[in-house]
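J.: Protein chains in written order, with our numbering: chain F, 1 to 446; chain H, 1001 to 1175.
Among the hints, a few may not be true.
Stated by the list, open to error - Simulated restraints, written as ranges between beta carbons of each label pair:
no., chain 1, residue 1, chain 2, residue 2, range
1, F, N35, H, G1113, 44 to 52 angstroms
2, H, D1021, F, K201, 34 to 42 angstroms
3, F, R288, H, P1164, 43 to 51 angstroms
4, H, H1011, F, K22, 40 to 48 angstroms
5, F, F205, H, V1029, 26 to 34 angstroms
6, H, H1011, F, N409, 47 to 55 angstroms
As the list claims (entries may be wrong) - So the derived list for chain F, only partly shown, Cβ under 8 angstroms to chain H, looks like this:
no., residue
7, T99
8, P138
9, F171
10, G177
11, A178
12, Y179
13, L191
14, L209
15, Y212
16, V254
17, S255
18, G262
19, G348
20, T378
21, P379
22, A405
Claimed, not checked - Only pairs whose alpha carbons sit at most 25 angstroms apart, straight line, appear in this in silico BS3-like list of lysine-lysine:
no., chain 1, residue 1, chain 2, residue 2
23, H, K1031, F, K194
24, F, K194, H, K1060
25, F, K214, H, K1031
26, F, K43, F, K142
27, F, K84, F, K194
28, H, K1161, F, K22
29, F, K310, F, K436
30, F, K446, F, K436
31, F, K142, H, K1031
32, F, K57, F, K43
33, F, K149, F, K159
34, F, K159, F, K214
35, F, K314, F, K240
36, F, K285, H, K1161
37, F, K436, F, K389
38, F, K43, F, K154
39, H, K1031, F, K159
40, F, K194, F, K42
Hints listed in this document are in silico derivations from the structure and should not be mistaken for laboratory results. From the three backbone atoms N, C-alpha and C, an ideal C-beta is built for every residue, glycine too.
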Amino acid sequence: MSNLNPTPHPKERRIIFENISKPGYAPDIETYLANGGYESLKKALTMKPAEIIDAVKAANLRGRGGAGFPCGTKWSFIRHDDGKPHYIVVNGDESEPGTFKDRYILHEDPHQLVEGLAISAYATNTHLAYIYIRCEFPQAAKIVWNAIKEAHAKGFLGKNILGSGFDLDIFVHQGAGAYICGEETSLLESLEGKRPYPRIKPPYFPAVLGLYMKPTIVNNVETLCHVKHILRLGAAEYAKMGTPGDGGTRTMCVSGDVMRPGIYELPCGAVTLRELIFDVCGGLKPGRMLKAVIPGGSSAKVMRAGEVYKIKSKAPDGTMVEKELPMLEVVMDASSLQSVGTMVGSAGVMVLDDSRDMVWALNNLNQFYAHESCGQCTPCREGSLWMSKMTTRMLDGGGRASDAANLKNVADNIAGRTVCAFGEACSWPTQSFLEKFPEEFAAAAK
Amino acid sequence: MIEMTTRQADHVTPAFEAEADELVSHYPVSKRSASLPLLHLWQNHFGFVDDTGVEWIAAKLDLTPINILELVTFYPWFRREAAGRVVIRVCRTLACAMAGSYEVKEKFCEAVGLDPHSGHHGFGSAPPTTPDGKFSVEFVECLASCGSAPVALINDDLVEKIQPSEIASIVNKLK
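One chain only, chain F, in its complex shape (with noise of 0.2 angstroms):
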């Protein structure tokens, strides 16, 4: 638990951490139950499945993931009663590098993700659910087993749930090793048994072609949690945490370069990088400048310290404005970064000061992406590891003049040319290093 801190900061809101966040908090049911557990879960039963989606939409729930998708909307795509079975496949793959909240929710507080899983469950009517976890957390997954054996034998889960008439199972399945079952599809050929290559998009939108070729759902364990305080404290106030669009808080994971790493739950856009990093964070290491920063996990466009953005918004006249925003001024909300040309993405927040090498930070990543890519697309399955050797190669002392332009038409081929989002992924960093910090590359050529 080393992650997180006892006492919150005063910017904080937990919610999703408020129980783990107490004293002697232990998984198990009783615990849960102490803690006003399972009620979100009766209350759910007396509504209607569509006055629960609804309630999501309401909630401006975004998928906390990654790709940010409401939460609502996905489930508004399966249809109440086509007459097809329905599965709920949790993403528990949690493996985006600066993410790591999902480890704390399944190893602490596994009762909160069963919860709002029976919730959803209930609300799209699926009466089969699987938790994907990554090989990686083994406890994790013992207790997650537990943890649905214990609501099983209290009547949460199983045949008729608490008298509703409610079916649900739900089970734990263990990946292997591989960052590309975090992509849904993916996630969804390793749980068919299959080599976890992803699936091409039309037509398989797991929605429509998904576990089995039937309509799925698959949602981080963040956000499924976040299910079960939308019911508990109402659509209306749980929006009114965050900002239009992005509502509730999100869990800020920082790690790298600042005093304090660790997670934090804020509430949408209630603070700006300079806060997260300064105020939050307790600032830099002393004597240390800040460099850059990649807001969103690894994948996410990297920032860099001092820059100016410019944003075109709408005066209240309807004509447009340009605005400039310096970096440490953004908010740390989905619209906010997605307007400055990155990605709140996944909340992996990686902090770099002004001892770090970009080369060398860019080649950690590229020799991430050169061992995670699946191989299914040549771009990049080549390009990747292409990548991964031109900045070795640099770092070596072999660097070239004609890297930097090589780099980038890499990059340029991958994003946009693959079955999957891995392409962008692996490209994003390659292209906004380069873009961002030419003169380290430069000089990395002679």
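Guided by the hints, dock chain H onto chain F, whose structure is given.
T.: This is chain H only, laid out in the frame that chain F set:
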């Protein structure tokens, strides 16, 4: 006396098979979905997956062996040869690397008596392992604990904020 063979499948017990059947029952729609769970069960029990393991799992799920072998060769977790009884997996990715994970991995290798520069090429091979079969050390990609970097997964336990100076004593406790 049972003749010992090197064929893993010859050592499958009724209890093991019952556990396998229980796992298959978690997938009422398609038992092919039990491929990964059975591979985990096999590797946890036997230490690695040999040809007879691939064949046994395939037969259990009405598949052909290639359906299982293609998973063993895809996923980094599975191996076709024995690793050490203690597997030390040091996180290599950015936050951990910034916090010194390359030095941490080297120190672990030195502490257990492995060449710090020996590579691990995957594709089912075991990570570098000490001759007595006690320790394996390898780099793995992000373990999702970046705020407490550098970290390592030692068998089932996550060790956080590893100081190079404490590595010798961590290893001594595992001996």
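J.: Does each hint hold? Answer for all of them.
T.: Each hint, compared with the structure:
Between N35 (chain F) and G1113 (chain H) the CB atoms are about 48 angstroms apart, so this pair conforms to the stated range of 44 to 52 angstroms. For D1021 (chain H) and K201 (chain F), the Cβ-Cβ distance of about 36 angstroms falls inside the hinted range of 34 to 42 angstroms, so the restraint holds. In this structure the supplied range 43 to 51 angstroms is violated for R288 (chain F) paired with P1164 (chain H), their Cβ-Cβ distance being about 21 angstroms. A C-beta distance of roughly 47 angstroms is found between H1011 (chain H) and K22 (chain F), which places it inside the suggested range of 40 to 48 angstroms.
Separated by about 19 angstroms at the C-beta atoms, F205 (chain F) and V1029 (chain H) break the suggested range of 26 to 34 angstroms. Between H1011 (chain H) and N409 (chain F) the Cβ separation comes to about 54 angstroms, which falls inside the hinted range of 47 to 55 angstroms. With a least beta-carbon distance of about 6 angstroms to chain H, the hint placing T99 (chain F) at the interface is held under the 8 angstroms criterion. Contact between P138 (chain F) and chain H, as hinted, is supported at the beta carbon level, the nearest pair being about 4 angstroms apart and thus within 8 angstroms.
At its closest, the beta carbon of F171 (chain F) sits 4 angstroms from a beta carbon of chain H; the interface hint therefore holds under the 8 angstroms criterion. The criterion of a C-beta within 8 angstroms of any C-beta in chain H is met by G177 (chain F), whose closest approach is roughly 4 angstroms, and the hint holds. With a cut of 8 angstroms, the hint placing A178 (chain F) at the interface with chain H holds, because the nearest CB-to-CB distance is about 5 angstroms. With a cut of 8 angstroms, the hint placing Y179 (chain F) at the interface with chain H holds, because the nearest CB-to-CB distance is about 6 angstroms.
Proximity of L191 (chain F) to chain H holds as hinted, the smallest CB-CB distance being about 6 angstroms (cut-off 8 angstroms). Checking L209 (chain F) against chain H: minimum C-beta separation of about 14 angstroms lies over 8 angstroms; hint violated. Here the hint on Y212 (chain F) is kept, as its CB sits about 5 angstroms from the closest CB of chain H, short of 8 angstroms. Among the interface hints, the one on V254 (chain F) holds; its C-beta lies about 7 angstroms from the nearest C-beta in chain H, closer than the 8 angstroms criterion.
Hint status for S255 (chain F) relative to chain H: holds, with the closest Cβ pair at about 4 angstroms, below 8 angstroms. The restraint placing G262 (chain F) at the interface with chain H holds, with a minimum CB-CB distance near 4 angstroms, inside the 8 angstroms limit. Because the beta carbon of G348 (chain F) sits about 7 angstroms from the nearest beta carbon in chain H, less than 8 angstroms, this interface hint is met. Residue-level restraint check for T378 (chain F) is violated (minimum Cβ-Cβ distance to chain H is 17 angstroms; threshold 8 angstroms).
About 20 angstroms separates the beta-carbon of P379 (chain F) from the nearest beta-carbon of chain H, more than 8 angstroms, and the hint is not met. Below 8 angstroms, beta-carbon pairs count as interface contacts, and A405 (chain F) has none with chain H, the closest being about 25 angstroms; its hint is therefore violated. Restraint check for K1031 (chain H) and K194 (chain F): the C-alpha separation of about 12 angstroms stays at or below 25 angstroms, so the hint holds. Distance check on the hinted pair: K194 (chain F) and K1060 (chain H) sit about 16 angstroms apart at the alpha-carbon level, within 25 angstroms; holds.
Distance hint between K214 (chain F) and K1031 (chain H) is fulfilled; the C-alpha atoms sit about 16 angstroms from each other, no more than 25 angstroms. Only pairs whose Cα atoms come within 25 angstroms are accepted, and K43 (chain F) paired with K142 (chain F) is rejected, the gap being roughly 28 angstroms. For the suggested pair K84 (chain F) and K194 (chain F), the alpha carbons sit about 23 angstroms apart, so the restraint of at most 25 angstroms is met. For the hint pairing K1161 (chain H) with K22 (chain F), the CA-to-CA distance comes to about 23 angstroms; that is within 25 angstroms, so the pair holds.
Of the supplied pair hints, the one linking K310 (chain F) and K436 (chain F) holds, its CA atoms being roughly 15 angstroms apart against a limit of 25 angstroms. The suggested pairing of K446 (chain F) with K436 (chain F) holds, with an alpha-carbon distance near 19 angstroms, which does not exceed 25 angstroms. Using a Cα cut-off of 25 angstroms, the hinted pair K142 (chain F) and K1031 (chain H) holds, with the two alpha carbons roughly 22 angstroms apart. Taking the CA atoms of K57 (chain F) and K43 (chain F), the gap is about 18 angstroms. The hint holds against a cut of 25 angstroms.
Restraint check for K149 (chain F) and K159 (chain F): satisfied, since their Cα atoms lie roughly 13 angstroms apart, inside the 25 angstroms limit. About 22 angstroms separates the Cα atoms of K159 (chain F) and K214 (chain F), which keeps this hinted pair within 25 angstroms; it holds. Proximity of K314 (chain F) to K240 (chain F) is assessed by CA-CA distance (about 23 angstroms); at most 25 angstroms being required, the pair is judged to hold. For the hint linking K285 (chain F) to K1161 (chain H), the alpha-carbon distance of about 16 angstroms falls within 25 angstroms, and the restraint holds.
With a C-alpha separation of about 21 angstroms, the suggested pairing of K436 (chain F) with K389 (chain F) holds against the 25 angstroms cut-off. Between the alpha carbons of K43 (chain F) and K154 (chain F) the distance comes to roughly 16 angstroms, so the proposed pair stays at or under 25 angstroms and holds. The suggested pairing of K1031 (chain H) with K159 (chain F) holds, with an alpha-carbon distance near 22 angstroms, which does not exceed 25 angstroms. For the given pair, K194 (chain F) sits about 37 angstroms from K42 (chain F) by alpha-carbon distance, which is inconsistent with the 25 angstroms threshold.
When each numbered hint is compared with the structure, violations occur for hints 3, 5, 14, 20, 21, 22, 26 and 40.
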